[in-house]
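Visitor: Produce the complete structure using the sequences and hints provided.
Quick note, the sequences are listed as chains A and B, same order.
At position 45 of the first sequence (counting the first as 1) the number is 45 in our numbering, and the numbers step up by one without a gap.
Add 203 to the 1-based position in the second sequence for our numbering, that's all there is to it.
Rather than coming from a laboratory, the hints here were simulated on the basis of the structure.
This one's a predicted model, so the numbers in the text were calculated from it and none came from an experiment.
We treat Cβ as the ideally placed atom computed from N, Cα and C, and that holds for glycine.
One or more of the hints may lead you astray.
What the hints assert, rightly or not - Short, incomplete list of chain A residues facing chain B, as computed with Cβ under 7 Å:
1) ALA37
2) HIS39
3) GLN43
4) VAL44
5) CYS45
6) GLN48
7) SER49
8) TYR50
9) GLY51
10) PRO73
11) GLN74
12) GLN161
13) PRO165
What the hints assert, rightly or not - Covered stretches of chain B, going by a simulated chain A footprint (3 or more residues, C-beta under 8 Å):
14) 227 to 237
15) 246 to 252
16) 344 to 354
17) 362 to 376
Number of protein chains: 2
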Amino acid sequence: MTAAKKDGSDDRYEIRLGGSGGQGIILAAVILAEAAAIHGGYQVCQSQSYGPEARGGRCKAEVVVATGEIDYPQVIMVDILLALTQEACDAYFHNFKPNGLLLADSTFVKQLPTSRVISLPFTRIAMEKTGKAMTTNMVALGAVGVVNRLITTAHLEKAIQARSPHGSAQVNLQAFRAGVKATKALDLSKLPRSVSPEEEDEV
Amino acid sequence: MTAAKKDGSDDRYEIRLGGSGGQGIILAAVILAEAAAIHGGYQVCQSQSYGPEARGGRCKAEVVVATGEIDYPQVIMVDILLALTQEACDAYFHNFKPNGLLLADSTFVKQLPTSRVISLPFTRIAMEKTGKAMTTNMVALGAVGVVNRLITTAHLEKAIQARSPHGSAQVNLQAFRAGVKATKALDLSKLPRSVSPEEEDEV
Chain A
1 MTAAKKDGSD DRYEIRLGGS GGQGIILAAV ILAEAAAIHG GYQVCQSQSY GPEARGGRCK
61 AEVVVATGEI DYPQVIMVDI LLALTQEACD AYFHNFKPNG LLLADSTFVK QLPTSRVISL
121 PFTRIAMEKT GKAMTTNMVA LGAVGVVNRL ITTAHLEKAI QARSPHGSAQ VNLQAFRAGV
181 KATKALDLSK LPRSVSPEEE DEV
Chain B
204 MTAAKKDGSD DRYEIRLGGS GGQGIILAAV ILAEAAAIHG GYQVCQSQSY GPEARGGRCK
264 AEVVVATGEI DYPQVIMVDI LLALTQEACD AYFHNFKPNG LLLADSTFVK QLPTSRVISL
324 PFTRIAMEKT GKAMTTNMVA LGAVGVVNRL ITTAHLEKAI QARSPHGSAQ VNLQAFRAGV
384 KATKALDLSK LPRSVSPEEE DEV
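Guide: Printed below as a string of structure tokens:
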């Protein structure tokens with residue numbers, strides 16, 4: 001994707017996760033936050049807002065990562081959007097950066113609003129690998145771990161071990177690694193670098 | 204404490220939870236948020252920020268509840284501060300409302316920065332009731348449930364059942380109810396109504 005973040009600049013890196021209630025969106029966000037902050041040494045704000053939109057069963061959680069202080073704690077422009085359902089994809093695909101990346105569960109998200117997208121059958125991978133649909137969030141977390149430019153998969157594994165409810169760390173790690181593997185098997189270089197014509201010109 | 208919220212006004216009600224890592228502060232905040240939003244019908248923002256402060260092992264989570272839209276998602280002035288450790292109490296006792304309320308675990312918080320305080324041995328109650336120190340967060344949540352003016356203990360019980368990691372709902376409810384009982388046994392009317400002399404005059 002973009003170059004690894006090694007230059008110490010302190011711009012924001014923003015991740016939004018969306019799905020339906022009970023899919024483990026908040027746990028995934030808390031794990032991302034802890035991996036970035038406790039293991040990666042970044043400043044992190046992690047939040048979920050519940051409003052009228054939650055009535056439809058949609059669920060959203062956000063993680064803002066920075067090297068410097070974070071003045072506004074919620075996502076301003078999305079670098080990575082995870083969508084586990086079509087409804088979440090429709091509702092949360094806004095403020096998407098021209099070079100942002102959508103990760104969609106191909107099992108449920110059929111209408112893709114951008115060509116900057118990776119579509120993988122997270123739910124099917126979870127079922128095949130662990131037999132538990134509830135590990136879909138961890139498969140998707142593996143994909144986020146591969147494509148994001150700040151949080152490493154090694155730090156994510158530490159956070160998964162610390163944060164998984166009693167007895168579920170091993171199965172969660174198994175699902176996470178299946179997500180990492182499936183994402184690494186993709187050729188991301190074929191994605192358009194940006195969906196904004198102006199940005200393409202600048203490059 | 205203050206009158207129950209029945210008038211439909213949409214001011215903010217702000218709860219900050221502090222402890223050390225591993226005490227279940229984030230889970231308690233997520234449960235408060237879901238009780239308020241999904242069961243109570245309020246607008247809610249729930250967040251945790253990780254910065255240099257987290258290095259000391261301190262952990263903070265915040266819940267902002269309102270009847271109208273929430274424009275700024277983090278706590279501005281604290282209505283309720285829960286402090287499970289002295290370090291958390293020292294670090295997070297700021298922007299405290301004159302009529303705010305501090306809930307402190309008397310087992311660990313010896314120096315109390317306000318007289319608007321309820322000091323209860325949350326950890327000891329957890330050990331006596333469930334034999335598990337990890338249910339301290341649920342005992343404290345029971346206290347928050349009694350003293351806050353928006354979120355009901357019935358809604359909190361529903362959220363505890365939905366959000367407790369597999370197999371822990373019953374023990375969590377047991378701890379929660381012990382916290383409710385211990386707090387209801389206190390005579391809160393003896394607390395000063397406000398720590399601000401000006402506010403006392405206004406009343």
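Visitor: Against the structure, test the hints numbered earlier, and report the numbers of the ones violated in rising order.
Guide: Violated hints: 2, 12 and 16; rest satisfied.
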